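If you're matching them up, the sequences are chains A and B in order. Yeah, the first sequence ends on 285 if you go by the working numbering, and it's all consecutive. Yeah, the second sequence ends on 1267 if you go by the working numbering, and it's all consecutive.
Treat the hints with caution; some may be incorrect.
[What the hints assert, rightly or not] Covered by chain A, per the in silico footprint, the following chain B stretches (three or more residues, Cβ under 8 Å):
no.	stretch
1	1006-1012
2	1042-1056
3	1075-1081
[What the hints assert, rightly or not] Here are some chain A residues pointing at chain B (derived, C-beta under 8 Å):
no.	residue
4	P77
5	G78
6	G105
7	D185
Keep in mind that the hints were calculated from the coordinates and are not lab data. Being a predicted model, the structure only gives us computed values, none of them experimental. Using N, Cα and C, we set each Cβ at its ideal position, and we do this for glycine too.
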Amino acid sequence: MTRLLPLAQAVAELIHDGDTVAMEGFTHLVPHAAGHELIRQRRSNLTLLRMTPDIIYDQLIGAGAVRSLVFSWGGNPGIGSLHRFRDAVERGWPHPIELVEHTHGTMAAAYAAGAAALPLALMRPIAGSDTPGRNPHMTEIRCPFTGQPLLAVAAHRPDVAVIHAQRADRDGNVQLWGITGVQKDAALAATRVLVTVEEIVDRLERKPGDVFLPGAAVTAVCAVPNGAHPSYAQGYSQRDNAFYRMWDGISRDRGRFLAWIDQHVRGTSSMEEFLGSLETEVGPA
Amino acid sequence: MAPATSSEIMTIVAARALPQRGFCFVGIGIPSAAANLARRLHAGDLVLVYESGTIGAKPAILPLSVGDGELAETADTVVSMAEIFACWLQAGRIDIGFLGAAQIDRFANLNSTVIGDYDSPRVRLPGAGGAPEIAAHARDVIIVLPQSARTFVESLDFVTSAGFLTGRDARARAGLRGGGPSRVITDLGVLEPDPETRELVLTSVHDGIRIDQVHASTAWPLRVASAVAVTAPPSAEELGTLRELQEHTARAHAMRVRPVSGGRPTP
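Extracted from the complex, chain A is given alone in its bound form:
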C-alpha cells in the first residue's frame, strides 16, 4: 500500500546512507526537490544511477553525498560541463568519486532487465569502443542459439528509485506523460520507489502516450508542485532554460557553489521556499 507522505519524511524513511539510488528523468521530470532533500538531510556515501546526470547530480556530488556514479552522459545539456562532477573526477573535490560508465543503450537495457527481474540485459556489441572494457558490469558472451557475439550487461537493481510525475491518485497510482524516459523501468527495477508529483487527484484520466505505474509498485507519493524545477513537468510547467545557463556560473567556483547550496538549499525547507529564495538572488522572472 502506497503511503502519501511529506517529502522530508519520505526521504528520511526510504533513502539511507550508502544506498544505491536511481533518480531518473531525461531532461523532463527530473526529481530536483527530492535531490535537494538529500542534501538537506546530509545523506552520504550514495551510489547514484542516472543516464544523464545533470545539475541535481552536480549539486549532490559537490555537496559530498556521492561515493559512486553509474551513468552514460554527464553534462549540462546544451550548455557544457558539469563543473562539480569534473572537479570531483579531475581533482578529487570534495572527495574522489568512482565512475561506472555505460552507453545510453546499455544503461536503458540494464534498467529494463532489472524491471523484468533478469540478471542481465543483452545488446549487440559496440565493437571498437573502449567504453564496455572500462565497465566491470559488461562482458561479451556468445548467443547459445546462433553463436553470435553479444554484449551482456548486468541488470540495475537500485535500492531506491526516485522519480517525478505529473500526478497520482490517493491509492498511489502514478501517471506521467511527455518524454517518459526510463522512469517506469527504473521504478520497477527498484526495491523502494519514491514519487513526487505535481498534484494528487481523485481520479486519473488517461492521456495519449501516458505511462502508468501501479500503486502496488510505489512505496511513497509526495505532493511537490514544481518538484522538477528547473526541469519541467509537461502540462504543468516549462523548462527553465535560463537557470541551466546560470548554473554554469554558479557551479564553476567551489566557494560560490557552497554559498549557493547553503543559502538556497540548506537554507530552505521545501521547493516552494527554494523558489522564493532564488527570486531574491536572480530577481523576478
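Since chain A is already given, all that's left is putting chain B on it; use the hints.
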C-alpha cells in the same frame, strides 16, 4: 546580410548532406540546427529522432536539450529509452546519425570521454551517451566538429565511438553493421574516407580557406584529394532560414520561466 560565420557554414553544409527522407538521429547543437534547417529547405520528409524517445519531432525553435517539451509536443510518438536504443537504433532503423567529439583520428574514430589518462584525466568529458551506438548501428554517420590540431589528433586518448578502427575492412571484421562515417564536416572543409584505406581525405575546403590552413589544423599528415572542391557559399535562402530559426531560439531561451502552476495543470 552579414557574411556567414564558420558555425553557420558547418550547419549549412551539414544540412545539405541530409537526404530528403528517412530517419535521422539527432543530437543537440549543430546537428539539431542542421537537421531542422534541412527540414525547412529540401528535406521536408526527414523524420527527426531525438534520443529522448521523440520520433518525428517538428520543433519551431531549436531545443536546448534533447528533452525539451517542444520535441514531445510536436512528435509523431514518444517512446521509452529502452525502445529508442534497442528497437530503433540497434535494430538498424536509423538511416543517418550525427556525431561530434572532442578528438578524432585519421580513421574517424572519436573520443568524447576523457582527455589524458582514463583513471586520472586532465579533462573529464561528458562520456558516451548514445554515440557508440549511433556509430555502430546507423546506416550512415556524419561527423561535425571544428578543426584544430588539438582535436584532429594522431592518436585518441580514449575510443568512445568507432569510425573505421584501424582502416580498410577493420570495421566490417569487427562485426559493425552500420556503414561508418561518410564525411567529416569542419569549419575549414569536408573530409571523406578513402574508399580503400578508409583514411580521411580532404575533399573540399570552404570559401576562402587555404589547404595549408587545413594541414596546420591537423596533427597527422593529412591526405588531400587530387582535386579539392570549394564549398558552394551559403545561399541567401539557407542563411536567412538558419538565422531566423536561431533568432527565434535565442529569444525563447533567454526568458526565465517562473514556475507558478502550483500543482495545477496549465492549459
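Right, here's what the structure says about each hint:
no.	hint	in the structure
1	1006-1012	violated (count 0)
2	1042-1056	holds (count 4)
3	1075-1081	holds (count 4)
4	P77	3 Å, holds
5	G78	4 Å, holds
6	G105	4 Å, holds
7	D185	6 Å, holds
Hint 1 alone, counting from the list given before, is not met by this structure.
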